[in-house]
Structures are given as structure tokens and as C-alpha cells.
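Sequences are here, hints too, so could you generate the full structure?
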Amino acid sequence: VDVRNPGEHALGSLPGSVSIPVGQLPNRLDELDPDRPTVVYCAGGYRSSVAASLLRANGFDDVSDIVGGYGAWTEVVQPA
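For the sequence shown, the working numbering assigns the number 477 to the last residue and increments by one with no breaks.
There's no promise every hint is true.
[Said to hold, decoys possible] Across the chosen pairs, the derived CB separations fall in these ranges: (1) Gln421 - Gly456: 16 to 26 Å; (2) Asn402 - Val436: 17 to 27 Å; (3) Val464 - Leu408: 32 to 42 Å; (4) Ala454 - Gln475: 25 to 35 Å.
Treat the hints as calculated values from the structure; they're not laboratory data. Heads up, the beta-carbon is just placed ideally off N, CA and C, and yes, glycines get one too.
Here's what the structure looks like:
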């Protein structure tokens with residue numbers, strides 16, 4: 398789950414991710430399956446940390462947060 402804003406998401410995202418900005422997440426939980434592993438990410442880690450906490454508080458047991466966000470993932474997958 399990409400919790401960045403739509404403009405950030407438009408610049409690039411992880412394959413297979415769904416865009417749900419962190420501010421919209423409380424109202425869009427029904428779009429996600431609490432019984433499946435859920436990975437959240439943002440640009441640097443703060444928003445995804447908030448999102449992970451929100452998901453866990455709403456019954457999502459298997460939640461992972463990509464440390465360092467989209468930028469860190471990009472560096473690993475597509476090093477400069």
C-alpha cells in the first residue's frame with residue numbers, strides 16, 4: 398500500500414501496489430484484506446509508520462513497513 402500522495406505515486410511506485418494516501422486510509426480499510434500480509438510504504442518512513450499502526454489497530458495482524466520508504470527500495474532495486 399503506497400500511502401504517499403497521488404502526485405508522489407504518479408512519479409513511481411512499487412509493482413503491484415495500490416495507492417491509498419495515509420489521510421484516506423481510515424475510510425478505505427474495506428479495500429484491503431486484513432487476512433493477507435500487507436506492506437506499507439511512503440517516501441521516507443513516517444507516513445507508513447502511522448499507516449502500519451492504524452492497520453494493526455484495525456485488525457491487520459501481518460503488516461510490514463518498508464524502512465526508508467520508496468527511495469530506499471529504489472536504491473536497492475535500481476542502484477544509481
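To see whether the hints hold, each was checked on the structure:
no., hint, in the structure
1, Gln421 - Gly456: 16 to 26 Å, "holds (18 Å)"
2, Asn402 - Val436: 17 to 27 Å, "holds (18 Å)"
3, Val464 - Leu408: 32 to 42 Å, "violated (20 Å)"
4, Ala454 - Gln475: 25 to 35 Å, "holds (34 Å)"
Checked against the numbered hints above, the structure breaks only hint 3 and satisfies the rest.
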